[in-house]
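Chemist: The chain contents come next:
Number of protein chains: 2
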Amino acid sequence: MIVEKYGGTSVADVDKIKAIAKHVADIKKRGHDIVVVASAMGKTTNALIQLAKEVGYANNDREMDSLLSTGEQQTVTLLAMAIEALGVPAISLTGYQAGFITSNHHAHARIKDIDLTNLKQQLDQGKVVVVAGFQGATENGEITTLGRGGSDTTAVALAAKLGWNCYIYTDVDGVYTTDPRIYPQAKRLEEITYNEMMQMASLGSGVLETRCVEIASKYNIQLYLGRALKTDLSKGTFIMETKHLEDMPITGISVKEDYAIMRVLNIENDGIYLGNLFQLIADLNINIDTISQQISKDNKINFTFYCNEKQSDLILQNYKEEEFGYKIERILGFVKLSVVGVGISTHSGIASKTLNTLTKNGIKYYQITSSEISISLTIEKKDKEKAVQVLAQAFDL
Amino acid sequence: MIVEKYGGTSVADVDKIKAIAKHVADIKKRGHDIVVVASAMGKTTNALIQLAKEVGYANNDREMDSLLSTGEQQTVTLLAMAIEALGVPAISLTGYQAGFITSNHHAHARIKDIDLTNLKQQLDQGKVVVVAGFQGATENGEITTLGRGGSDTTAVALAAKLGWNCYIYTDVDGVYTTDPRIYPQAKRLEEITYNEMMQMASLGSGVLETRCVEIASKYNIQLYLGRALKTDLSKGTFIMETKHLEDMPITGISVKEDYAIMRVLNIENDGIYLGNLFQLIADLNINIDTISQQISKDNKINFTFYCNEKQSDLILQNYKEEEFGYKIERILGFVKLSVVGVGISTHSGIASKTLNTLTKNGIKYYQITSSEISISLTIEKKDKEKAVQVLAQAFDL
Chain A
1 MIVEKYGGTS
11 VADVDKIKAI
21 AKHVADIKKR
31 GHDIVVVASA
41 MGKTTNALIQ
51 LAKEVGYANN
61 DREMDSLLST
71 GEQQTVTLLA
81 MAIEALGVPA
91 ISLTGYQAGF
101 ITSNHHAHAR
111 IKDIDLTNLK
121 QQLDQGKVVV
131 VAGFQGATEN
141 GEITTLGRGG
151 SDTTAVALAA
161 KLGWNCYIYT
171 DVDGVYTTDP
181 RIYPQAKRLE
191 EITYNEMMQM
201 ASLGSGVLET
211 RCVEIASKYN
221 IQLYLGRALK
231 TDLSKGTFIM
241 ETKHLEDMPI
251 TGISVKEDYA
261 IMRVLNIEND
271 GIYLGNLFQL
281 IADLNINIDT
291 ISQQISKDNK
301 INFTFYCNEK
311 QSDLILQNYK
321 EEEFGYKIER
331 ILGFVKLSVV
341 GVGISTHSGI
351 ASKTLNTLTK
361 NGIKYYQITS
371 SEISISLTIE
381 KKDKEKAVQV
391 LAQAFDL
Chain B
1 MIVEKYGGTS
11 VADVDKIKAI
21 AKHVADIKKR
31 GHDIVVVASA
41 MGKTTNALIQ
51 LAKEVGYANN
61 DREMDSLLST
71 GEQQTVTLLA
81 MAIEALGVPA
91 ISLTGYQAGF
101 ITSNHHAHAR
111 IKDIDLTNLK
121 QQLDQGKVVV
131 VAGFQGATEN
141 GEITTLGRGG
151 SDTTAVALAA
161 KLGWNCYIYT
171 DVDGVYTTDP
181 RIYPQAKRLE
191 EITYNEMMQM
201 ASLGSGVLET
211 RCVEIASKYN
221 IQLYLGRALK
231 TDLSKGTFIM
241 ETKHLEDMPI
251 TGISVKEDYA
261 IMRVLNIEND
271 GIYLGNLFQL
281 IADLNINIDT
291 ISQQISKDNK
301 INFTFYCNEK
311 QSDLILQNYK
321 EEEFGYKIER
331 ILGFVKLSVV
341 GVGISTHSGI
351 ASKTLNTLTK
361 NGIKYYQITS
371 SEISISLTIE
381 KKDKEKAVQV
391 LAQAFDL
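These protein sequence lines are chains A and B, in that order. Under the UniProt record's numbering, think of the first position of the first sequence as 1, with each following residue one higher. Under the UniProt record's numbering, think of the first position of the second sequence as 1, with each following residue one higher.
Just so you know, the hints here were simulated from the structure itself, not pulled from any lab data. Do not take every clue at face value.
Which copy is meant is left open, so a pair is good if it fits within one copy or across any two.
Mimicking PhoX-like on lysine-lysine, the simulated pairs with C-alpha atoms at most 20 Å apart in a straight line are [said to hold, decoys possible]:
| hint | residue 1 | residue 2 |
| --- | --- | --- |
| 1 | 300 | 327 |
| 2 | 53 | 22 |
| 3 | 16 | 53 |
| 4 | 230 | 386 |
| 5 | 218 | 353 |
| 6 | 112 | 384 |
| 7 | 382 | 187 |
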């Protein structure tokens with residue numbers, strides 16, 4: 001009993017859809033129950049966004065969600081038809097039909113619950129169920145999308161609710177110690193723990209969003225990440241509770257792009273301003289990152305946080321200086337670099353080795369934060385490639 | 001307070017969508033409430049059907065409905081965005097969101113009811129509501145489509161339920177006395193009665209489906225049919241209860257293409273066979289046409305009916321000779337020609353003039369049927385153009 005998820009490049013054309021249908025039909029014929037989650041075909045989503053821009057789209061996320069959701073709906077109906085053409089009964093379900101009930105945060109909705117009644121009935125009738133990724137609906141039937149990595153989240157949430165394993169098929173071979181485009185000698189990891197993966201994901205490794213790994217971890221669902229239609233599972237990465245391999249102190253280096261520093265200076269230390277600011281940020285459904293504040297001698301606060309550039313746009317659009325009483329400043333041009341590994345808490349010297357390596361190579365770092373299994377630094381964009389390379393060499397990744 | 005409907009060619013590209021948005025926004029700015037119904041953009045539907053065929057589609061109408069419904073969903077979100085970009089609040093609604101509850105006959109569902117709660121709330125908030133044509137959903141949330149002329153039906157049904165007038169904008173100038181492609185001298189009608197239009201529609205005039213006119217007539221909704229963005233209403237055709245013009249005996253000639261004769265010979269005259277056959281046809285949601293039966297001297301029945309070729313395919317696929325006990329025969333290659341006009345019942349000699357004109361020109365006719373306002377004849381496909389021309393001349397159309 002498995003959930004498989006195919007990303008946009010894996011279903012980009014008719015031949016690929018037919019190849020996946022064949023693979024899925026074979027699994028079903030061998031007697032397994034299978035739910036398939038699919039994204040929109042190839043460049044469909046970008047083409048729809050382009051059309052929206054051309055007609056004059058202006059942040060109307062409610063309409064954009066309804067527009068974009070058609071992409072996945074098209075893929076899953078075609079995939080269901082292709083599976084049926086091979087003599088295996090199949091049915092497609094939109095997010096709404098699959099029971100995905102979400103919050104009403106258009107463009108980045110959260111899954112509140114999944115009502116599996118319909119999906120289970122279809123499985124009981126012996127059908128392969130093909131579910132549109134990335135989408136759901138509010139209780140009022142408004143179509144929503146789940147934001148970045150939404151289709152992965154659809155798959156993992158379904159697997160969690162069903163108690164099945166989840167195979168995420170994509171156009172990369174698995175999780176690497178760092179981005180192979182920046183550091184070609186990067187190695188593929190055969191296994192990685194949920195915690196490490198969450199750090200890698202939230203810190204920008206790009207292959208899986210944190211929320212997916214979070215759900216998998218919470219429900220103890222075994223995740224597999226690998227290249228579509230490569231059936232040799234030793235060629236991908238398993239994400240699980242504990243690794244079987246001997247721990248390396250450092251699992252990888254991840255990079256989070258397009259970082260903005262947001263800064264407010266000389267705030268009264270009465271908690272009112274920060275309360276209002278956090279309320280605004282929560283209303284915008286933004287998770288900010290790396291908050292820091294210093295209190296000056298005259299009991300004023302200097303407050304700084306990081307977020308990505310798009311989120312910073314959203315904050316600036318909604319922040320009314322005359323209402324909040326303070327000027328908010330934005331500084332662009334940063335990336336956040338993280339060294340991740342379960343060994344960090346048990347192997348001493350990782351932090352100093354990281355900082356020394358950067359300093360030795362003339363790379364300036366700004367904010368530093370750390371967790372049990374990660375050390376993160378903000379550096380300037382221009383230093384990104386060099387920093388990844390010198391750290392990867394230093395930690396033998 | 002008006003419902004406007006735009007067909008696929010009227011929304012075929014971004015520029016056309018923006019032009020319609022401008023027109024709609026202007027109407028709204030002048031203080032009118034407006035609901036817009038739109039079809040899928042240009043060739044979208046055909047492109048989706050092509051994709052479905054390529055993945056191996058085999059009469060899976062449930063999946064096809066879900067696939068095709070995405071076309072209209074894309075148009076209406078884009079149109080809503082384009083209207084909002086002009087500073088006029090707008091919202092798109094899918095068939096489901098607009099409250100269209102249908103039967104579960106996929107590919108040719110019937111509207112059971114429209115729950116206007118959501119749509120009215122949006123209108124009350126001062127929004128232009130843009131509704132996806134051609135689609136609805138069953139009570140179980142299964143996506144359905146309404147079949148040929150579905151978007152027109154969406155518009156007229158909404159107008160009926162709201163009690164508003166309905167403007168159908170398309171790529172023709174209005175209703176003609178006969179098809180201008182066959183008879184270039186055909187004249188545009190400024191007005192036509194519901195009854196005449198229903199005959200014209202059901203008999204194949206191609207510009208409006210019978211069901212739309214039926215609904216308009218039942219709820220006494222004034223229909224207008226004209227070219228998109230031509231705002232001079234004297235250039236189209238009004239469809240209404242009674243005409244203001246002096247009646248011409250004949251309003252027009254319509255042609256229904258691709259006719260099949262279905263025939264069963266020597267049936268026992270006990271009603272069992274015909275009961276079973278009509279049950280099958282009803283289950284397939286097919287309206288058959290021009291039924292005739294003759295009883296022979298030995299009390300056996302010869303039974304004949306007409307339907308279009310696609311429907312005849314469907315019947316043959318589902319008709320099991322061993323179950324029904326009789327062989328069903330199909331003869332292809334016919335069209336049905338109809339002379340329509342409220343004058344037929346009051347002007348004598350129309351039938352004889354029709355038949356004489358055909359005979360004089362060497363055109364054979366088969367089945368003849370007539371109503372208060374029409375005379376219909378089945379003729380061979382090859383005679384179509386000639387028959388239309390000689391009749392149009394004979395009746396000065």
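Chemist: Take the hints in turn and mark each one as holding or not.
Modeler: Hint-by-hint comparison with the structure:
| no. | hint | result |
| --- | --- | --- |
| 1 | 300 with 327 | within (14 Å within a copy, 95 Å between copies) |
| 2 | 53 with 22 | between (37 Å within a copy, 16 Å between copies) |
| 3 | 16 with 53 | between (29 Å within a copy, 15 Å between copies) |
| 4 | 230 with 386 | neither (33 Å within a copy, 62 Å between copies) |
| 5 | 218 with 353 | neither (33 Å within a copy, 83 Å between copies) |
| 6 | 112 with 384 | neither (37 Å within a copy, 61 Å between copies) |
| 7 | 382 with 187 | neither (24 Å within a copy, 72 Å between copies) |
Checked against the numbered hints above, the structure breaks hints 4, 5, 6, 7 and satisfies the rest.
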